[in-house]
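Going line by line, the protein sequences match chains A and B. Note that our numbering has the first sequence beginning at 29, numbered continuously upward. Note that our numbering has the second sequence beginning at 14, numbered continuously upward.
None of these hints come from the bench; they were simulated from the model. Note that beta-carbon positions come from the ideal geometry of N, C-alpha and C, so glycine has one too. One or more of the hints may lead you astray.
[To be verified] Here are the in silico distance ranges between beta carbons for each label pair: (1) B/Val66 <-> A/Ile475: 20 to 28 Å; (2) B/Thr265 <-> A/Glu160: 40 to 48 Å; (3) A/Glu296 <-> B/Val152: 46 to 54 Å; (4) B/Val66 <-> A/Leu511: 24 to 32 Å; (5) A/Gly345 <-> B/Asp139: 48 to 56 Å; (6) A/Pro486 <-> B/Val68: 36 to 44 Å; (7) A/Gly574 <-> B/Val152: 22 to 30 Å; (8) A/Pro635 <-> B/Val68: 30 to 38 Å; (9) B/Gly137 <-> A/Gly611: 33 to 41 Å; (10) A/Asp512 <-> B/Val68: 44 to 52 Å; (11) B/Lys128 <-> A/Asn579: 37 to 45 Å.
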Amino acid sequence: MSLVHPVVHRRRRSSRKWRLVALVAALSLVAFACGDGGEDTSAEEVTAAQAQAAAAQSDAAAAQSEAVSAQAEAEAAADALAQAQADLEAAQAAAAAAMEGDEVSQSALADAQAALEEAEQRATESAEASQEALAAAESALTEAEQMLDEAMMEQEAAMGPVRVRAAVTGDEASLNPYTYISGFPGWNLLMLQYDSLMQLDADGIPQPWLASSISVNEDLTEYSVTLVEGVTWHDGEPLTADDVAFSVNYYINNVEASRFARDLRGVEDLVVTDDHNATFVLAGPNAGFELGALADVPIIPRHIWEGVELPSEHDFGDTNIGTGPYKLVKYVEGQSYRFQANPDYFRGAPAVDELVVIVFADDAGAQAAIRAYAVDVIFERIPPEQIDLLDAEDSLDVILGPEFTTQMINYDASKRPFDDVAVRQAINLAMNRQDIVDTVFLGAATIGSPGWIHPGHPSYNADIGTVYDPAAANALLDAGGYLDSDGDGVREYDGQPMSFEIITNASDSLRLRIAELTVEMLAAIGIETSVAAVETATWEQAVWPGFDVNNGRNYDIAMWGWSAPVQADPLRLPQLVASVPAGGFLNLTGYVNAEMDTLSAVLGTEPDPAERNGILGRMQEIIAEDLPFVLLLYPDGAYVYDSTVYSDWEFIAGQGIVSKLSLLPPSARP
Amino acid sequence: MTVADRGERAARRAARRQSRIPTLFGLTGGLIVGVLICGAVFAPWLAPYDPTVRVATPFLPPSADHLLGTNDIGQDLLSEMIFGARVSLAVGLVAATVALLIGTTVGVVAGYYPKRLGSAMMRGVDVILILPFLPLLIVLAAYLGRSLLNTIVVIGVLIWAEPARIIRSQVLSLRSREYVLAARSMGAPDRWTILRHIVPRTGLLATGSFVRAVSNAILLEAALSFLGLGDPIQKSWGSTLFWAQSRGAFLTPAWKWWVMPPGLLIMLASLGFALIAFSLEERINPRL
């Protein structure tokens, strides 16, 4: 014993020691969890509350199953009772038989009596048991109900403040109108803090916003706006027409260039009539002023910005003061932005209470993060091959919609052989757009209209068809005298083979693949091409030297694409297709057409919207016939989000989901 | 049998065992390289499809028809691997030849005229060796643009420094040998001496450097192509990796048939040449 005892003793002590260690560890864990209650834990709190709710729910489920088993027990007890009663009857019958019998046996009687007693006892017992079980079942049920109620309440509490974590790929600096970096999503994030006088609705059409009404005079030179009453800046100051006038003059006159100064070109004067009314006086008629300026320019507060000379370097303190639905409360350079909802927003408090935007180095990182549920939405388009894969993940959803970026073929239409419309038409007919959409974009793109405007755009001319017909293309080239006289499979023009280089930027891998498919499709009509994948700067210098069309062009064929704003505003069409002296400063293909120049001149000054649409329709017809370029497709916008966190995203046609509309309750959207 | 005898035999056995390992390495390397070169040469007969033709739907997983599946526009990946050997090996061999030509010239001249010209040249070599290698490669490749020729030139002009040093040290010792001194004292011109007596004696060393340079060049070509600085239209193992990366295969199950095969092939090719180089060096390195 003396040998065994100490061992046991020691073991006990050691187990006690371990228990102590475990206790300390648990305590420190608890302390750590509680001590970490800084502002960063709201997500953890939500998760914890959700976990509690889940636990309560599973408890309730357990109680329910207990109740069910109690009921089953009660039923079994009832069965036993019936059995016991049957036994009793049998025993009584036996006793009666025994008493009636010739040989009245004492022992049989005793047996019968014992059986009787036993049966009676069993019956009582089972009755009691059944009652007990029933009571247990009832209490378990009440308990379960209580627990469920509690769980529901807890879950509701947990759902309370909606917090969305978004991923972007690239820092956007301090997000004021002079520091944001990219047009997308930088401008979109900027506009969460600021408002413009108008706001695009889901169809991409400008609607009154800070301005409650906008009226235009007959010749499109004066835009009068009336501001919504009672709008305040984030610091509580009221918004007045004075701020609007200040903003416009600031953008126009500041030494630093900005997108907004460009928007406001042509504003001659801004007349403030009273606190809530002002009139923009333009130098000439401009039908695109609403979309191009009123819905784009953020209004800034005079009392903050007055006297600021170099806004990109000025220290505005910790936050930007705007009128928008969100306040930027924290910015960590290169890492994250934290936006807090503005509960006093004039259209109503936002549906998302906190928006944290996390900066990732690349797409792959952002996609990995959303798979790991470390972010709830990606504020960048996801590539086509990821759409199905991400959509297949639990609770992740992908929202698709039309976007106005383009993928197209440019050629130098000012020189042989592309100055011949037959060659351009042949190239257009040879392009199998559906094949490109299916192969390269896996279906996540819209087939290009040869007339330039997206089919989802209000100005689209639906009479324009997209035809793929290589036989007709070959016939056109044959008729035009572009024959393959030496039998090498390549046609000739002016004694030279139709052999060209397609220049494209190597950094856009989808465009590179389109170029490869273009080579294949042009080979089918006897035009030999090869892809030259070059640096973006080299490619831009070849297609658009110095970003000025007056410098000419240095390419035969190029893959090209315009960003969304070029197409979103159809009144910019003349910039693309008018001849250079007639204002075609985005006319990269050297295309000239007299009728197009005439139409371009009247488009921006036509006051009647229906007439304007008629002109646009005619211009699309000419483009589809004359082909200053070959539009191949419009990539669709695809955004991935976690539907368990927030799912009310609004896709603005041509703009995507990154806007204040997505974060406002549906009732506050235009 | 004396103790000394036994010791001698043991030593000989050990020596033989030691020399057997390099031979084994050399044979393995030769086998790998041989198989890869055969694959490259007979690619049109071995590959089930033309790798430049779209033969199936994009992003197919492996199947009986497409053993490694298809890439992002529906080209057969197995055929791409087989044809890719051509570009990868060709770049390796040609770039190593360029490097060897530069390296031998510099090494022989610097070794034969070791005083002013030689030391000036060797300082140049030092500069090349000191320069951070991969960044320089990337900058050069980006500056020159994407084509197979540029890739070869860029790699070739950056990896010649090491062969140059090795060959120079050999030439330094050769130039003071009696027969060289004899030829020179009898009035043989430098050019004749170099071509007749020096260059042929550096041949073995040069072979070793060449094989190692091939191994390096294959890795570098893969690195450049993967970064998108090679010609992405050329079917090489590196460009297959580039497309796998840019179309998200690293994040999906497709890495097993789209990322791993080119990765393994690059490793094998580089390893094969490195093993040959190792066994060659064991044999030809001058020992003191």
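- Item | In rising order, the numbers of the hints this structure does not comply with | Hints 2, 8, 9, 10 and 11 contradicted; others consistent.
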